[in-house]
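Two chains, each in its own frame: build the complex with the hints.
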Amino acid sequence: MINLLFPLLTKDVPKTMSDEDIVQEYLRTQNVAYFDILYKRYSGKIFAKCISLLKFEGEAEDAMQEIFMKILLNMAKFSGKSRFSTWIYSITYNYCIDIIRRKKKDPSLLVDNFATSHDTIDDVDDAFLLEVNIKRLKIILDEIPVSDKTILLMKYQDEMSIKEIGTVFNKSESAVKMKIKRAKHKFRSIYQEMYKD
Amino acid sequence: MPEVNNFKELERLQSEEFKASTDKVKRNVNNSLASFGLMANVIELYFSRMFEVFVDLTNTSSSKSNTDIDKKDL
Chain F
212 MINLLFPLLT KDVPKTMSDE DIVQEYLRTQ NVAYFDILYK RYSGKIFAKC
262 ISLLKFEGEA EDAMQEIFMK ILLNMAKFSG KSRFSTWIYS ITYNYCIDII
312 RRKKKDPSLL VDNFATSHDT IDDVDDAFLL EVNIKRLKII LDEIPVSDKT
362 ILLMKYQDEM SIKEIGTVFN KSESAVKMKI KRAKHKFRSI YQEMYKD
Chain U
8 MPEVNNFKEL ERLQSEEFKA STDKVKRNVN NSLASFGLMA NVIELYFSRM
58 FEVFVDLTNT SSSKSNTDID KKDL
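So the protein lines, in turn, are chains F and U.
Counting from 212, one number per residue, gives the positions in the first sequence under the working numbering.
Counting from 8, one number per residue, gives the positions in the second sequence under the working numbering.
Excised from the complex, chain U in its bound form (with noise of 0.2 Å):
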C-alpha cells in the first residue's frame, strides 16, 4: 500500500476536531458506569439479605405452625 493514506489522516483530523464530543460521551459513560456499580452493590448488599429473611420468614412459620399442631396435640 502506498505511504500517503489520506482516510487515515482524515480520522485523525477529525478525532482532533471533535475532542470535546469524546470528552462528553465519556463522562455520560462514567456517569453510567457508576449507576450500574450502585445497583450492582444495592443487589449485592440487600438481595442477598431479602433471601436469608424469607428463610428465617419461612422457618419460623412453619415452626409456629408445628407449635400449633404440638398444643393441639396436648
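Excised from the complex, chain F in its bound form (with noise of 0.2 Å):
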C-alpha cells in the first residue's frame, strides 16, 4: 500500500544497478519503478527481435506484450543462474516461435533441425557477417530460414554463449556449434547469389 501512495521514482534508482538486483527489489517491495527501469532496458532489443521474426508491427506489439507480462508474472521463478537478458530473451525467442509454429502449423520448427552429424562445410568467418552493410543484413536476415536467423540472431546481436543458447533450445552444446555454422554458411550463400557484385 505505502508502494501505491509514495511510489519509489525510476530516477531514483542507480543507473549502475545491474538487472539481477533490480529483480531482487522488485520482488522483496512490488514497486513497479523496477519494473519501468528494466522495461526501459529491453523494450527495444524486444521490439527489435520480435519485429524481426514476426515481421509485422502490429503482430509485434501483441508478442510484446504478452512477453512482458510473462516475464512480470514469472519474475519471481528466475533463479539468478543466468543472465537476466538470456533469461528473457529466451522467453522471447520461445514465444514468437511459437507463434511462428502455428501460424505455419509446422510443430517441428527449430526442433528437429539441429543435426549432430559433422559435415564439411567451410567455417565462414565472424567479421563477414558482422560487417555486412545494415540494409543488406535487414534483407539477408529475411531471407534466410527462421531457424537460421534466430540462431545467428543470439549469437551476434545478444552475444550469448554457446551454452546458453543450448540450455534454451535444450540441445548439446556441439548440435549448437553445427547449427551456427550451417547458419552461417546458409547467410554467405545467399549474400553472394543476391549481391554478385
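If you are wondering where the hints come from, they were derived from the structure by calculation, not from laboratory data.
Hints should not be assumed to be uniformly reliable.
[As the list claims (entries may be wrong)] Partial selection, computed: residues in chain U whose CB lies under 8 Å from chain F: (1) E18; (2) S22; (3) K31; (4) V32; (5) K33; (6) V49; (7) T67.
Virtual Cβ for every residue (Gly too), placed ideally from N, Cα, C.
Structure below.
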C-alpha cells in the first residue's frame, strides 16, 4: 500500500544497479518503478527481435505485451543462475517461435533441425557477418530460414554463449555449434547469390 | 570478435524506429498491472471478510441449533 501512495521514482534507482539486483528489489517491494527500469533497458531490444521474427508491427506489439506480462508474472521463478538478459531473451524467442509454428502449422520448426553429424561445410569468418552493410543485413535476415535467423541473432546480437543457446533449445553444445556453422554458411550463400558484385 | 557489429547496430536502429510501439505496449502493460493490482486489493479486502462472515454464519447456525436442542430438553 505504501508503494502505491509513495511510488519510488525511476530516477531514484541508480543506473549502475544490475538487472539481477533490480529483480530482487522488485520482488521484495513490488514497486513498479523497478519494473519500469527493466522495461526501459530491454523493450527496444525485445521489440527488435519480435519485429525481426514476426515481421508485422501489430503482431510484434501483441507479442511484446504478452512477453512482458510473462516476465512480470514469472519474475519470482528467475533463479539468477543465468543472466537476466538471457532469461528474457529465451522467453522472447520461445514465444515468437511458438507463434510462427502455429502460423505455419509446423511443430518441428527449430526442434528437429539441429543435426549433430559433422558435415564438411567450410567455416565462415565472423567478421564477414558482422560487417555486412546494415540494409543488406536486414534483407538477408529476412531471406534466411527462421531457425537460422534465430540462432544468428542469439549469437551476434545478444552475444549469448554456446552453452546459453543450448540451454534455450535443450541441445548439446556440439549441436549448437554445428547449427551456427550451417546458419553462417546459409547466410553467406544467400549474400553471394543476391549481391554478386 | 571484431569491433564492428552491424547486428547490434541493426537492433539499435530498430529500437529507435519503433519507439512509438514500445511506448504503446508500455501503456497496455501498465493498464494490465493496474487491473491486477485492483483485483488483488479486492481479493485482499473482501475475501478475508467473506471468510469471517462464513465463519460467523456457521457459528450462528450451530448455536441456533444448540438453542433448539436446549428448548426441546425443557
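Which constraints among the numbered hints does this structure fail? Numbers only, ascending. As far as the earlier hints go, 6, 7 are violated by this structure, in ascending order.
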